[in-house]
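A.B. asks: Protein sequences, first through last, are from chains R and L.
Quick note, the first sequence lines up with residues 300 to 638 if you use my numbering.
Quick note, the second sequence lines up with residues 61 to 395 if you use my numbering.
Because the hints were derived from the structure by calculation, they are not lab data.
Quick caveat: nothing in here was measured; it's all calculated off a predicted structure.
Please note: incorrect hints may appear among the correct ones.
[As the list claims (entries may be wrong)] Dumping the calculated EDC-like pairs for lysine to aspartate or glutamate here, alpha-carbon to alpha-carbon at most 16 Å:
hint: 1; chain 1: R; residue 1: Lys322; chain 2: R; residue 2: Asp341
hint: 2; chain 1: R; residue 1: Lys389; chain 2: R; residue 2: Asp316
hint: 3; chain 1: L; residue 1: Lys90; chain 2: L; residue 2: Asp107
hint: 4; chain 1: L; residue 1: Lys308; chain 2: R; residue 2: Glu610
hint: 5; chain 1: L; residue 1: Lys308; chain 2: R; residue 2: Glu396
hint: 6; chain 1: L; residue 1: Lys90; chain 2: L; residue 2: Asp120
[What the hints assert, rightly or not] Take a look, some chain R residues computed to stay more than 10 Å from chain L by CB distance:
hint: 7; residue: Arg340
hint: 8; residue: Arg405
hint: 9; residue: Asp419
All residues carry an ideal CB built from backbone N, CA and C; glycine is no exception.
Chain by chain, the residues run as shown.
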Amino acid sequence: MAETMENPKAGLPDAADMLLECKGVSVSFPRYGAPVSEALRDVSLDIRRGEVLGLVGESGSGKTMLSRAIMGLVPPPGEVTAGTIRFEGKDLGKLDEEQLRRMRGRDIAMIISNPRGELDPLQTVGQQIGNVLRHHLNLTRRQIRERALDLLKQVSIPDPQRRMDAYPHELSGGMAQRVVIAIALACSPRFIISDDATSGLDVTVQAQVLELIRSLVSERGTSMMFITRDIGITAHYCDRIAIIYAGEIVEVAGREVFFDDPQHPYTVLLLAAFAQNERLRRYWLGGDKVQEYTGPSPVGCPFQNRCVRVEERCRGEHPALLERQPGHFVRCHFPVERP
Amino acid sequence: MQILTYIGRRLIFVGPQLVGILLVTFLLLKLIPGDPAVMMLGPFATDDGLARLRTELGLDRSIVEQFGIYLWRVLHWDLGTSWQTTMPVTSDLAQRFPATLELVTLSLLLALAIGMPLGVVGARNRNGIVRKFADIYGLAAGALPDFWFGLVLIFILYTILGVVPAPLGRLDFTIIPPPDVTGSLLIDSVISGNWPALRNAAGHLLLPVLTLGLINAAPILKMTLSTMERMLEADFSRYAEMCGLPPKVVARKALRNSLPSVITIVSVLYGFLIGGAVLVEIVFSWGGAGQYAVQGVLNADLNPVLGFVLYSAILSLVIYLIVDLIYFAIDPRTR
Numbered sequence: 300m301a302e303t304m305e306n307p308k309a310g311l312p313d314a315a316d317m318l319l320e321c322k323g324v325s326v327s328f329p330r331y332g333a334p335v336s337e338a339l340r341d342v343s344l345d346i347r348r349g350e351v352l353g354l355v356g357e358s359g360s361g362k363t364m365l366s367r368a369i370m371g372l373v374p375p376p377g378e379v380t381a382g383t384i385r386f387e388g389k390d391l392g393k394l395d396e397e398q399l400r401r402m403r404g405r406d407i408a409m410i411i412s413n414p415r416g417e418l419d420p421l422q423t424v425g426q427q428i429g430n431v432l433r434h435h436l437n438l439t440r441r442q443i444r445e446r447a448l449d450l451l452k453q454v455s456i457p458d459p460q461r462r463m464d465a466y467p468h469e470l471s472g473g474m475a476q477r478v479v480i481a482i483a484l485a486c487s488p489r490f491i492i493s494d495d496a497t498s499g500l501d502v503t504v505q506a507q508v509l510e511l512i513r514s515l516v517s518e519r520g521t522s523m524m525f526i527t528r529d530i531g532i533t534a535h536y537c538d539r540i541a542i543i544y545a546g547e548i549v550e551v552a553g554r555e556v557f558f559d560d561p562q563h564p565y566t567v568l569l570l571a572a573f574a575q576n577e578r579l580r581r582y583w584l585g586g587d588k589v590q591e592y593t594g595p596s597p598v599g600c601p602f603q604n605r606c607v608r609v610e611e612r613c614r615g616e617h618p619a620l621l622e623r624q625p626g627h628f629v630r631c632h633f634p635v636e637r638p
Numbered sequence: 061m062q063i064l065t066y067i068g069r070r071l072i073f074v075g076p077q078l079v080g081i082l083l084v085t086f087l088l089l090k091l092i093p094g095d096p097a098v099m100m101l102g103p104f105a106t107d108d109g110l111a112r113l114r115t116e117l118g119l120d121r122s123i124v125e126q127f128g129i130y131l132w133r134v135l136h137w138d139l140g141t142s143w144q145t146t147m148p149v150t151s152d153l154a155q156r157f158p159a160t161l162e163l164v165t166l167s168l169l170l171a172l173a174i175g176m177p178l179g180v181v182g183a184r185n186r187n188g189i190v191r192k193f194a195d196i197y198g199l200a201a202g203a204l205p206d207f208w209f210g211l212v213l214i215f216i217l218y219t220i221l222g223v224v225p226a227p228l229g230r231l232d233f234t235i236i237p238p239p240d241v242t243g244s245l246l247i248d249s250v251i252s253g254n255w256p257a258l259r260n261a262a263g264h265l266l267l268p269v270l271t272l273g274l275i276n277a278a279p280i281l282k283m284t285l286s287t288m289e290r291m292l293e294a295d296f297s298r299y300a301e302m303c304g305l306p307p308k309v310v311a312r313k314a315l316r317n318s319l320p321s322v323i324t325i326v327s328v329l330y331g332f333l334i335g336g337a338v339l340v341e342i343v344f345s346w347g348g349a350g351q352y353a354v355q356g357v358l359n360a361d362l363n364p365v366l367g368f369v370l371y372s373a374i375l376s377l378v379i380y381l382i383v384d385l386i387y388f389a390i391d392p393r394t395r
């Protein structure tokens, strides 16, 4: 973004420039008669002001858990067991529930997937946008109505006046997604988490909605964490991309570097899955041998059982997240080198 | 407009439904052994007298004919006479049905007032003391028979403490009843400004309403608790939390979404209690419709039973219609 002009140390984190800093965040769930299951392990991620960070991972990798940890809404009995999350310098772990609640939706907003199931079926679109406005901002009834209508216009909902009084079941998937975006934007938050926001939509609608999110976010200079399973989407919409696997960040890099020089085998696997080159794809996806998926390994590198480049060291030693080039972090003993 | 069409369509089916219900009841009653003529004339009746009475009552005709005659009379709102009270069934029921309705309605209101708040608070705080109380209450009230509970209440509040009037009917004999307008003693005494009657009727209502209310709060409590719990975990509640809405607002959303289930259980209880309150009616000598019907069954007095079934069926249909209208009002998806 604009940082190259104003910030001479582009690419290097600068404290004043930071909006959200996660340091060594771990989330675990206690289990009866078994060791605790760790949903997130030692996750460190920074997001700068105005930056769009893509967070990519398969289901169960901890993407959503990270967003919930940031929101302070880890579902019980899970809890944040280590690390700090700072938002604009404030340690969110030190805030009480009421202070956290006031931040949610106002400073940190969420765009969710499957919005038709997540909106209250008994309230109109106008009421649901109004709810958020009323509880976070001091507005009169009329101001709320005007603002809600204005928001619907901003997310390009056709015939917004009529949609104000529509119920969620009367909306199409794409329309409901726009409503959720309007709710996220309602209080002009500084940080938006988009959690797989377009996964339930048709491809054409998906593109429209993504374009809408991007333009609204960049217009306002809002920072965003863009969670997705589709690594292809990040190429168009994100400044920086982080890959998460089994609750750990395995690679982080700026967009150009990321697609030009991916170094973690899992990243390469994700990219290769889209590749036109048949030979490349077969190699990285493990060829013809049908893999019995055993899940992430508890000892050594979590990715070892699926890695085509696995070696003895990976079996026993857990790799650390190392900065290979400035701003490019990789968690692998044997990073992929460019040929 | 849509609602009117819906009501219209529902009303079309009311007639056939009622005939069906009457037919089944009629046949079932005919299966019960017992000859009304013998019951009416007693042990010293002559064969001749019995035969004459049977002809008079139409009992010598075929069942199909008997049912046809009965239906024809029902069409003219003549439900026959009860040989026990020697009164037309319509006038008997006009007196007794409101007594039961008043009792059941107030009991269910009390049950709602107890069950819903307990369920809501219990669902919101799963480890709280209210939840523990609600669990124990639900278990206890579900296990106690209502008539036994009524007897315990009588023993404590009437026999020992003497704070309520004797459990004999709806009004003391010394009190002049208000003129009959709605059939509900409370409403009628208010209309006529008869305050002693109002106080006395309320006193008589207290124990049976307490009995039925406390017992029937249990199913309402359980339904509210489980539905509310599910709604608080539903996606829309989680999303509301993410939007930073206060817990109270989230709970209110969940409650609104739980209402249809609660209303359903209330309507089922209502229909059930019209007849199901009979044991409590007997304990308190209430003189209600259930008691009337049971007496009819025991004494082969057909008309009161059929009349009671007809009234109950109509009432149930009305209640279900009202419930549907409430659904319309709450849930836009049904519109």
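A.B. asks: Give me the numbers of the hints this structure contradicts, sorted from smallest to largest.
C.D. replies: 3, 4, 8, 9
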